[in-house]
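Residue 1 is where the sequence shown starts when you use our numbering, and the numbers rise one by one after that.
These are calculated hints, taken from the structure and not from any lab test.
Beta carbons: idealized from backbone N, C-alpha and C, even for Gly.
Watch out, some of these pointers could steer you wrong.
Said to hold, decoys possible - Have a look at the derived ranges for each label pair, beta carbon to beta carbon:
#1 D54 to Q20: 17 to 23 Å
#2 S97 to T61: 16 to 22 Å
#3 V23 to D47: 26 to 32 Å
#4 A69 to N25: 18 to 24 Å
#5 V11 to T98: 18 to 24 Å
#6 E74 to R50: 26 to 32 Å
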Amino acid sequence: MTEIFTSSNHVVEVELEIDQVTVVNPTEATATVRCMLGPVRCGARFDRIRDSVDAIDLAVTQILRYGRAIDELEPVHTGLVTFLGTGIQLLTSSTPSTPWQVIQGTNRP
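Could you put together the complete structure from these sequences and hints?
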């Protein structure tokens, strides 16, 4: 498990790679993801897309693994994550010619 802590509030840096995105509405989406840095927990906030200047503010509200709800997704594992917030329209699915999009953020203490 790879975690980066700050000395003052124990914020953990997290990172997800997005494979497929389904937009539910302008403020909600589900995505098949791979955890690359974490673990990512329910309540984690994502505020940036790697290699992009576009701002997002997305919170993880649910994580499913093999159809069952879990509290956190460990690195290199995949799951279905539900996001709520702003920037949903900026999330993209991968294709054979485009790499997986990477979003970055933090777990809340």
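Status of each hint after checking the structure:
1. Between D54 and Q20 the beta carbons are some 20 Å apart, a value that agrees with the proposed interval 17 to 23 Å.
2. The hinted window of 16 to 22 Å between S97 and T61 is violated, with their beta carbons roughly 31 Å apart.
3. With their beta carbons about 19 Å apart, V23 and D47 fall outside the hinted range of 26 to 32 Å.
4. Here the CB-CB span from A69 to N25 is close to 21 Å, well matched to the stated 18 to 24 Å.
5. Here the CB-CB span from V11 to T98 is close to 30 Å, at odds with the stated 18 to 24 Å.
6. Checked against the given bound of 26 to 32 Å, the beta carbons of E74 and R50, roughly 20 Å apart, lie outside it.
Hint check: violations occur at hints 2, 3, 5 and 6; the rest are consistent with the structure.
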